[in-house]
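Enquirer: Quick mapping for you: the protein sequence lines, in order, are chains A and B. Letter 212 of the first sequence, counting from 1, is numbered 211 in numbering that gives the first Met the number 0, and no numbers are missing. Letter 221 of the second sequence, counting from 1, is numbered 220 in numbering that gives the first Met the number 0, and no numbers are missing.
These are computed hints drawn from the structure, not numbers from a lab. Please read these numbers as outputs of a predicted model, since none were measured by experiment. There's no promise every hint is true.
Below, simulated DSSO-like cross-link-like pairs (lysine-lysine); rule was C-alpha separation at most 27 angstroms, straight line [said to hold, decoys possible]:
(1) A:K318 x A:K12
(2) A:K268 x B:K54
(3) A:K146 x A:K295
(4) B:K209 x A:K268
(5) B:K209 x B:K318
(6) B:K268 x A:K54
There are 2 protein chains.
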Amino acid sequence: MNPLSIDKIYSMKAITLRNNKLAVSETTKPTIQDNEVLIKLNLAGVCSTDLEIVKGYVPNFNGILGHEFVGTVAETGENVPSSWQGKRVTATINIGCETCSVCVGEGSEHCPNRTVLGIINRDGIFAEYVAVPEANLVEIPADVPDKLAVFTEPLAAALRIREQLCVPPSRSVAVVGPGRLGMLVGWVLALSGNEVVMLGRREESLELAKKWGLKTDLTEHIEDNVFDFTVETTGNEAGLEHALRITRPRGTIVLKSTYAGPANVNLTKLVVAELNVIGSRCGPFEPAVRLLKTPKANEILDMVEGSYRLADGLAAFEKAAEPGVRKILLTP
Amino acid sequence: MNPLSIDKIYSMKAITLRNNKLAVSETTKPTIQDNEVLIKLNLAGVCSTDLEIVKGYVPNFNGILGHEFVGTVAETGENVPSSWQGKRVTATINIGCETCSVCVGEGSEHCPNRTVLGIINRDGIFAEYVAVPEANLVEIPADVPDKLAVFTEPLAAALRIREQLCVPPSRSVAVVGPGRLGMLVGWVLALSGNEVVMLGRREESLELAKKWGLKTDLTEHIEDNVFDFTVETTGNEAGLEHALRITRPRGTIVLKSTYAGPANVNLTKLVVAELNVIGSRCGPFEPAVRLLKTPKANEILDMVEGSYRLADGLAAFEKAAEPGVRKILLTP
Chain A
0 MNPLSIDKIY
10 SMKAITLRNN
20 KLAVSETTKP
30 TIQDNEVLIK
40 LNLAGVCSTD
50 LEIVKGYVPN
60 FNGILGHEFV
70 GTVAETGENV
80 PSSWQGKRVT
90 ATINIGCETC
100 SVCVGEGSEH
110 CPNRTVLGII
120 NRDGIFAEYV
130 AVPEANLVEI
140 PADVPDKLAV
150 FTEPLAAALR
160 IREQLCVPPS
170 RSVAVVGPGR
180 LGMLVGWVLA
190 LSGNEVVMLG
200 RREESLELAK
210 KWGLKTDLTE
220 HIEDNVFDFT
230 VETTGNEAGL
240 EHALRITRPR
250 GTIVLKSTYA
260 GPANVNLTKL
270 VVAELNVIGS
280 RCGPFEPAVR
290 LLKTPKANEI
300 LDMVEGSYRL
310 ADGLAAFEKA
320 AEPGVRKILL
330 TP
Chain B
0 MNPLSIDKIY
10 SMKAITLRNN
20 KLAVSETTKP
30 TIQDNEVLIK
40 LNLAGVCSTD
50 LEIVKGYVPN
60 FNGILGHEFV
70 GTVAETGENV
80 PSSWQGKRVT
90 ATINIGCETC
100 SVCVGEGSEH
110 CPNRTVLGII
120 NRDGIFAEYV
130 AVPEANLVEI
140 PADVPDKLAV
150 FTEPLAAALR
160 IREQLCVPPS
170 RSVAVVGPGR
180 LGMLVGWVLA
190 LSGNEVVMLG
200 RREESLELAK
210 KWGLKTDLTE
220 HIEDNVFDFT
230 VETTGNEAGL
240 EHALRITRPR
250 GTIVLKSTYA
260 GPANVNLTKL
270 VVAELNVIGS
280 RCGPFEPAVR
290 LLKTPKANEI
300 LDMVEGSYRL
310 ADGLAAFEKA
320 AEPGVRKILL
330 TP
């Protein structure tokens with residue numbers, strides 16, 4: 000296929016949220032800025048954040064959803080080297096102003112004026128085409144197939160924990176919530192030799208963790224004060240209460256999931272036991288791609304529970320929202 | 000005075016909380032275990048924790064209140080060197096079992112079976128005499144007068160922050176709450192060259208901070224996302240909400256005060272801005288005593304707003320509970 004041929008297409012299919020209504024829409028193909036490229040979608044993944052946005056987590060989001068993807072560069076802006084054309088890529092999702100002190104000091108992930116693909120003030124990637132700044136592009140090597148490359152973003156989010164904290168391999172680690180992100184967190188933290196215990200509310204939810212050789216248990220069976228590190232991935236109050244309960248004095252809790260609205264939580268243990276609680280969000284893409292090149296990464300494919308066309312986006316979202324369902328993929 | 004002469008006294012005055020009722024009581028002089036010493040009180044300090052316990056913060060506390068003090072060793076147990084007799088001392092407040100894995104690994108401050116002077120299952124020091132294990136004793140040097148030595152415990156609690164975190168001198172620091180503990184936190188953090196901004200709700204509450212050369216502001220005047228490190232010392236939800244608001248992305252919040260009951264707090268910022276929130280409690284006594292030997296420590300005396308006899312304990316508690324009042328001292 001000549002990637003330039005797509006210039007002739009002026010409309011495209013996309014999964015949109017407008018006025019809190021999820022729909023599959025025929026919408027205009029994006030036009031690119033001088034610093035951007037146009038990417039043709041190969042494969043996308045539905046994330047819990049997408050489901051939360053549909054539930055109203057980001058007030059006033061209007062546009063195309065989605066931020067986990069792999070695609071092929073179809074067009075390059077004036078200031079972008081044309082050598083990008085035809086390359087398989089994914090993209091980091093935060094677009095900062097690159098001029099404020101936060102961008103300079105902390106990175107665009109924390110820019111107060113940032114846009115975020117499919118999350119804050121910017122169209123996402125559940126569409127046939129998406130426009131992304133060149134600065135956000137990450138090339139996917141030939142030996143990482145699309146079905147693995149689509150996991151780059153959530154795997155990077157899991158890796159973020161290792162960017163923020165030293166988690167010594169001899170220390171005990173619990174992951175509360177064996178869901179989409181929780182499983183990747185457990186997978187990543189076990190890579191360095193940590194004994195990782197995946198905790199869930201139902202035995203069935205722990206099957207995949209067992210298959211991967213991780214330890215498992217029901218959260219409610221865990222005694223108080225036993226783990227050095229606890230990663231909370233459920234985003235609900237009960238999960239946070241458990242994390243506070245099962246972490247030992249002077250232990251660390253990583254919050255990987257946002258809490259919609261105020262959380263009504265007893266913080267006494269946090270202070271009395273001198274816990275360290277750290278928020279954790281987007282992570283580094285290059286290390287994630289390196290991991291996706293390893294043979295072990297094929298395990299991650301076990302998380303895929305269905306693939307839908309964009310045209311069947313509503314069914315895809317419905318399936319992804321079912322309890323216990325992990326990764327749902329979308330194709331153009 | 001011959002310290003042994005007190006053996007003849009069998010009753011003593013103490014400030015007690017029994018069945019949630021604060022009282023000045025005539026009670027039995029403590030008898031000491033083989034590993035303990037009997038200390039005659041010289042001077043004690045009323046802490047916010049004492050006021051919280053009276054309000055019910057520690058369910059079922061029954062006994063003598065108080066944990067900030069300096070006294071003189073009057074009697075030594077069978078297994079304690081008699082060389083302690085007549086020495087001026089204070090004492091760390093946590094008594095662990097010294098055998099469990101928490102005591103061995105993390106210290107007695109976190110022992111699940113610990114008692115705490117005047118806080119958990121153990122009589123405190125608002126009394127003419129107090130029994131304390133030798134292991135908890137810290138000698139007060141001759142050049143630290145009682146009126147400064149009585150600040151050892153809260154100063155150690157402030158110093159605890161420097162035990163837990165690297166707070167680089169070039170980084171901005173805010174202390175929310177210019178109260179008893181907040182002032183000592185600000186005083187300690189400014190020692191290494193940090194610019195410390197003390198934040199309060201009322202202009203009057205900031206006078207002492209100004210006198211000490213600290214920067215000050217009204218909490219509500221502070222813009223969002225400006226401080227690298229924020230120490231929350233108010234123990235109320237509003238203080239915590241402000242701390243979350245004014246700390247920059249990837250910044251650190253230290254919680255120095257417990258929250259009675261569940262806190263209803265929006266934790267979204269914690270996750271999205273990847274904040275680090277760390278609980279902080281009891282600190283190291285020896286460094287606190289070293290600081291109390293420095294000329295600058297005399298500033299701390301500015302915090303004293305009254306001195307009462309134990310017999311006038313109810314009036315002392317009433318005064319200490321008045322808004323804006325800092326240190327109230329107690330004499331035998």
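Enquirer: Given the hinted pair B:K209 and A:K268, is their Cα-Cα distance within 27 angstroms?
Expert: It is violated: about 34 angstroms lies between the C-alpha atoms, which goes past 27 angstroms.
Enquirer: Need the status of pair A:K318, A:K12: alpha-carbon distance at most 27 angstroms?
Expert: 20 angstroms, holds
Enquirer: Are B:K209 and B:K318 close enough, with their CA atoms no more than 27 angstroms apart?
Expert: Holds. B:K209 to B:K318 sits at ~23 angstroms (cutoff 27 angstroms).
Enquirer: Hey, A:K268 versus B:K54, does the alpha-carbon distance stay inside 27 angstroms?
Expert: Answer holds: A:K268 to B:K54 is near 19 angstroms, not above 27 angstroms.
Enquirer: Is the straight-line distance between the alpha-carbon of B:K268 and that of A:K54 27 angstroms or less?
Expert: Holds, at roughly 19 angstroms.
Enquirer: Does A:K146 pair with A:K295 here, judged by a C-alpha cut-off of 27 angstroms?
Expert: Distance ~14 angstroms between A:K146 and A:K295 Cα, so the pair holds.
Against the hints set out earlier in the document, a violation occurs for number 4 only.
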